[in-house]
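A.B. asks: Okay, here's what each chain looks like letter by letter:
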Amino acid sequence: MTLAQQIITVGAVVLGTMITRFFPFIVFPAGKPTPKYVQYLGKVLPGAIFGMLVIYCLKNVSIFTGMHGIPEAVAITVVVVLHLWKRQMLLSIAGGTVCYMLLVQFLF
Amino acid sequence: MEQKKVKQFRKAFKAAFPHTIPIFAGFWFLGMTYGIYMNVSGFSFWYPMLMSMTIFAGSMEFITVNLLLGVFNPLQALMMTLMINARHLFYGISMLDKFRELGWKKFYLIFGMCDESFSINYTAEVPKDVDHGWFMFSVTLLNQIYWVFGATFGGIFGSLIHFNTEGLDFVMTAMFVVIFMEQWMKDKNHTSELLGLGLSLICLFVFGADSFIIPAMISILIVLSLIRRKSVDSESDGMAGRITENVCLPFEENSVKCRKDGEIQ
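Which chain is which? The protein sequence lines are A and B, in order. Counted from 1, the first sequence has number 0 at position 1 by numbering that gives the first Met the number 0; the numbering is strictly sequential. Counted from 1, the second sequence has number 188 at position 189 by numbering that gives the first Met the number 0; the numbering is strictly sequential.
It cannot be assumed that every hint is accurate.
[What the hints assert, rightly or not] In silico SDA-like links for lysine to any residue, alpha-carbon gap of 20 Å or less: (1) 97/B <-> 129/B; (2) 35/A <-> 99/B; (3) 97/B <-> 29/A.
[Unchecked claim] Taking beta-carbon pairs under 8 Å as the criterion, some of the chain B residues facing chain A (in silico): (4) 56; (5) 92; (6) 93; (7) 114; (8) 121; (9) 170; (10) 171; (11) 172; (12) 173; (13) 177; (14) 178; (15) 182; (16) 199; (17) 211; (18) 227.
[Unchecked claim] Here are some chain B residues the structure puts well away from chain A; computed CB gaps all over 10 Å: (19) 1; (20) 4; (21) 10; (22) 32; (23) 104; (24) 127; (25) 130; (26) 131; (27) 148; (28) 205.
Quick caveat, the hints were computed from the structure, so don't treat them as lab data. Predicted, not measured: the structure shown is a model, and the values here were computed from it. Where is the CB? At the ideal position from N, CA and C, for every residue including glycine.
This is chain A alone, in the form it adopts within the complex (with noise of 0.2 Å):
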């Protein structure tokens, strides 16, 4: 690929992420009352996104195959007993992440 190439490449990718952003904010500007069925979907929505995330990163753990994603339910667990247990964000987080880390780089 040319420069010019690699640019508009580059440019096609900014152009669709952008999109994908602006979309609601054009179709629904402030200056209008959105429609209820969108308001309706933006309070039952974000549950629901946060659910499609979680699974979004751990997409390609496999069950069946090398380590059967023992380590990431582990870490899980210990981010969820951690969480209900202070409730302190950064605690569970970092927890869980160093779980995670030594059972990755020494047990499995």
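Position chain B relative to chain A; hints supplied.
C.D. replies: For chain B alone, kept in the frame of chain A given last:
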């Protein structure tokens, strides 16, 4: 006037920083991985630096490396980006209210709305005396700084770094698990959360890791719409009675306290 703004910004910046610490760890690591990847693929550090500034969507930047190494096809690049980043549509719909009346800041907030910035800006409860526009602006700006610096650093020094960081990328998973839990504890009705987990999982098994996001989004949208129709039939109000306002303050001293207001019915 200007001084007041600077003061507001500084205060919001200080309040925002602790929320971005996990991202700091995750983005440095992932950003550097991305920079190193571009480095070994034969690109100078200018590429990861400029691409991380302009695209600012992690997974898409990795894919763009492959696009740059392949045959020139900008239309395919555009279509792929729309598919992979379609989840941003959901973020935008959820943020319509929060980004209202923020002036020029709104443009940057929308431009920089990656998974992580969206998640923090949606769930974090901004202290009452802090300007929420500047708070979200600071979160987004800090996240982007981490990412751009990580990517650039990886692009320059990538090949020189030897230190066992295996597994550090789990910091992102851990963060999304915590954010999911916060949302769970905030909502009284857990239908959305369970649907998000369940439908994504089903789609992952059916469609595979590379193409499950779009089917997952569509099925979530369909089921949530069906539920609404049902609740519209049984109730007069169409919001299914589960509007909850902002969450907990994970970084305030008394982080156990959680506001559970906003239940409309």
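A.B. asks: Holds or violated: is the Cβ of residue 104/B farther than 10 Å from all Cβ atoms of chain A?
C.D. replies: Holds, since 13 Å exceeds 10 Å.
A.B. asks: When you look at the beta carbon of residue 4/B, is every beta carbon of chain A farther off than 10 Å?
C.D. replies: holds, 21 Å
A.B. asks: Say whether it holds or is violated: residue 1/B keeps its Cβ farther than 10 Å from all Cβ of chain A.
C.D. replies: holds, 26 Å
A.B. asks: With a cut-off of 8 Å, does the beta carbon of residue 93/B approach a beta carbon of chain A closely enough for the hint to hold?
C.D. replies: For residue 93/B, the interface hint holds, since the closest Cβ of chain A sits about 5 Å away, which is under 8 Å.
A.B. asks: With d taken as the least Cβ-Cβ distance between residue 32/B and chain A, does d exceed 10 Å?
C.D. replies: holds, 14 Å
A.B. asks: Was residue 10/B rightly flagged as not at the interface, with every chain A Cβ beyond 10 Å?
C.D. replies: The claim stands: residue 10/B keeps its Cβ more than 10 Å from every Cβ of chain A (closest is about 21 Å).
A.B. asks: Should the label of residue 130/B as a non-interface residue stand, given a Cβ cut-off of 10 Å to chain A?
C.D. replies: holds, 18 Å
A.B. asks: Per the CB criterion, is residue 211/B less than 8 Å away from chain A?
C.D. replies: Given a least distance of 7 Å, the restraint on residue 211/B holds.
A.B. asks: Is residue 97/B close enough to residue 29/A, meaning Cα to Cα at most 20 Å?
C.D. replies: OK: residue 97/B and residue 29/A at ~11 Å, within 20 Å.
A.B. asks: Tell me if residue 227/B is really an interface residue toward chain A, meaning its C-beta lies closer than 8 Å to one of theirs.
C.D. replies: Residue 227/B check passes; min Cβ-Cβ to chain A is 5 Å, inside 8 Å.
A.B. asks: So, as I understand it, the hint says residue 182/B touches chain A; can you test that by seeing if any CB pair is closer than 8 Å?
C.D. replies: Because about 5 Å separates residue 182/B from the closest Cβ in chain A, which is inside the 8 Å limit, the hint holds.
A.B. asks: Are the Cα positions of residue 97/B and residue 129/B separated by 20 Å at most?
C.D. replies: holds, 15 Å
Checked against the numbered hints listed earlier, the structure breaks none of them; every hint is satisfied.
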